[in-house]
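**Student:** Protein chains in written order, with this note's numbering: chain S, 1 to 215; chain Y, 1 to 215.
It should be emphasised that the hints constitute simulated quantities derived from the structure, not laboratory data.
Keep in mind it's a predicted model, so treat the numbers as computed, not measured.
You may find that some hints are simply not true.
[Claimed, not checked] Taking CB as the label site, the calculated pair distances span:
#, chain 1, residue 1, chain 2, residue 2, range
1, Y, T145, S, Q197, 44 to 52 Å
2, S, D179, Y, E136, 17 to 25 Å
3, S, E24, Y, F213, 26 to 34 Å
4, Y, G57, S, K42, 26 to 34 Å
5, Y, A196, S, E24, 37 to 45 Å
6, S, K17, Y, K158, 19 to 27 Å
7, Y, F213, S, A77, 33 to 41 Å
8, Y, K158, S, K67, 26 to 34 Å
9, Y, A66, S, E169, 18 to 26 Å
10, Y, Q191, S, E24, 21 to 29 Å
11, S, T203, Y, Q191, 39 to 47 Å
[Claimed, not checked] Far from chain Y, by Cβ distances over 10 Å, these chain S residues were calculated:
#, residue
12, S2
13, H11
14, R13
15, K17
16, L25
17, H27
18, Q28
19, I30
20, F119
Glycine included, every Cβ here is placed at the ideal spot set by N, Cα and C.
One letter stands for each residue in the lines below.
2 protein chains.
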Amino acid sequence: MSQSLESPLSHVRRGPKRASYDAELIHQIIDSALLCHIAQQKEGQCFVVPTCHWRDGDYFYWHGHAKARNVHGSAQAQQKVCISICQLDGLVLARSAFHHSVNYRSVCLFGVPEAVTDFDEKARHFKIFLDKVCPERWESLRPITDDEIKNTGLVRIKIEEASAKLRAEPPVDDAADYDWPVWAGVIPLEQKWGKAQQDPKQTEPYAEPEQLFAL
Amino acid sequence: MSQSLESPLSHVRRGPKRASYDAELIHQIIDSALLCHIAQQKEGQCFVVPTCHWRDGDYFYWHGHAKARNVHGSAQAQQKVCISICQLDGLVLARSAFHHSVNYRSVCLFGVPEAVTDFDEKARHFKIFLDKVCPERWESLRPITDDEIKNTGLVRIKIEEASAKLRAEPPVDDAADYDWPVWAGVIPLEQKWGKAQQDPKQTEPYAEPEQLFAL
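Turn these sequences into a full structure, and let the hints steer you where they fit.
**Tutor:** Dropping the structure here:
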């Protein structure tokens, strides 16, 4: 067991048996996903938006247009955002409708976003992000420009108030139902990268990327 | 073009060229996903949780434990929740790091949750939900009980304030970069249901479900 990230906010009230506050497990789930959902409020109204994220040590990062609400706005507001990551792993088909479920791995994080404004640190992070998506690609690209770095906002929260929640098992039915004559079990969800589609504007037969984010 | 679901709240400010308010398109994206993220606030703090959803006409439904925050709490609060659905369709690899992107289909919805408490209507909806996940399964299950209906909360919002946002194209690079010597294009994300895993507690060779939610 690594460090615990439990707090009054991150404490899981519903389904506590499926919850964990283990930092290592939380980091693993964060790293296994490309997309997260970030919720913040403005004038009493919550807004939730999907975005791509990455991690560096104990910090969780995302980026966007320097003026976007979930980047500039969230770092200005000095309010705790709530971030969710959820990977669907399968359908759980039980003997009764009530016990149907899904297998999943999810994380919920809280933190006050902090803007990262240092030029070199921003460039370093954009490389970390690209290395997550497509390792070794950065070096082959047209180099990043100062304007691109300036116009891209970078924000982070410290991963210190968080929970994970998972389900990874067969159906759990009522004892009396186990003999009910219907197929029961799990249908796993499988994801893979499909055949690369070269940009139709490109006529040279350049080599496709060899490595991609591991699904 | 069907009805427009644009409103001051659902108006997309960032990337408006990729936005649509077309009700038919919004319904399609809602129906193409099993999972959504629901954001609501309590005492000034946003919380966002993943859950499964379904649609019936102009209404968007989710369910949960009758006492859960995102079911009972959200219907009590009489506040507009914000709901996001996002389907990742592929990685977009450009000639510069800055123009890397993802292809996706997303929807953002706003509405005040309304609890559905009528017994028969609740049962009817649990069948609609199961029919979405696994058509024709409901009839083969141990019938739902009154207690199960009572203990499951059902909530809905009217789909009347919403936006869709999509990207479905090759990279869009700077004009000067199109000759840069690196592979560029889209890597599509493919999803499928894997081999069914029968509950180890089940020894009879019952037939696996023939139909599942279309990925």
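**Student:** Now, for every hint given, state plainly whether the structure supports it.
**Tutor:** Right, here's what the structure says about each hint:
1. A C-beta distance of roughly 50 Å is found between T145 (chain Y) and Q197 (chain S), which places it inside the suggested range of 44 to 52 Å.
2. Checked against the given bound of 17 to 25 Å, the beta carbons of D179 (chain S) and E136 (chain Y), roughly 21 Å apart, stay inside it.
3. Range check, E24 (chain S) to F213 (chain Y): Cβ separation about 33 Å, and the 26 to 34 Å hint holds.
4. Between G57 (chain Y) and K42 (chain S) the beta carbon distance is about 31 Å. The supplied range of 26 to 34 Å therefore holds.
5. Between A196 (chain Y) and E24 (chain S) the C-beta distance comes to about 32 Å, which lies outside the given range of 37 to 45 Å.
6. A hinted range of 19 to 27 Å is violated for the C-beta pair K17 (chain S) and K158 (chain Y), which are about 35 Å apart.
7. A beta carbon spacing of about 38 Å between F213 (chain Y) and A77 (chain S) agrees with the range 33 to 41 Å that was offered as a hint.
8. Taking the beta carbon of each, K158 (chain Y) and K67 (chain S) are about 32 Å apart, inside 26 to 34 Å as hinted.
9. About 24 Å separates the C-beta atoms of A66 (chain Y) and E169 (chain S), a value consistent with the hinted range of 18 to 26 Å.
10. The hinted window of 21 to 29 Å between Q191 (chain Y) and E24 (chain S) holds, with their beta carbons roughly 28 Å apart.
11. Evaluation of the 39 to 47 Å hint for T203 (chain S) and Q191 (chain Y) yields a failure: the beta carbon distance comes to about 31 Å.
12. Residue placement check: S2 (chain S) keeps its beta carbon more than 10 Å from all beta carbons of chain Y (closest about 24 Å).
13. The claim that H11 (chain S) is not at the interface with chain Y holds, since no C-beta of that chain comes within 10 Å of its own (minimum 12 Å).
14. With a least CB separation of 8 Å from chain Y, R13 (chain S) falls inside the 10 Å interface cut-off, contrary to its annotation.
15. Listed as outside the interface, K17 (chain S) is consistent with that label: its C-beta sits roughly 13 Å from the nearest C-beta of chain Y, beyond the 10 Å cut-off.
16. Against the 10 Å criterion, L25 (chain S) stays outside the reach of chain Y, whose nearest CB is about 17 Å from its own CB.
17. Here H27 (chain S) stays apart from chain Y, with its beta-carbon at least about 19 Å from theirs, past the 10 Å limit.
18. With a minimum CB-CB distance of about 17 Å to chain Y, Q28 (chain S) clears the 10 Å threshold, and the non-interface call stands.
19. Non-interface status of I30 (chain S) relative to chain Y is upheld: no Cβ of that chain comes within 10 Å, the nearest being about 14 Å off.
20. Every CB of chain Y is more than 10 Å from the CB of F119 (chain S) (nearest about 15 Å), matching its label as outside the interface.
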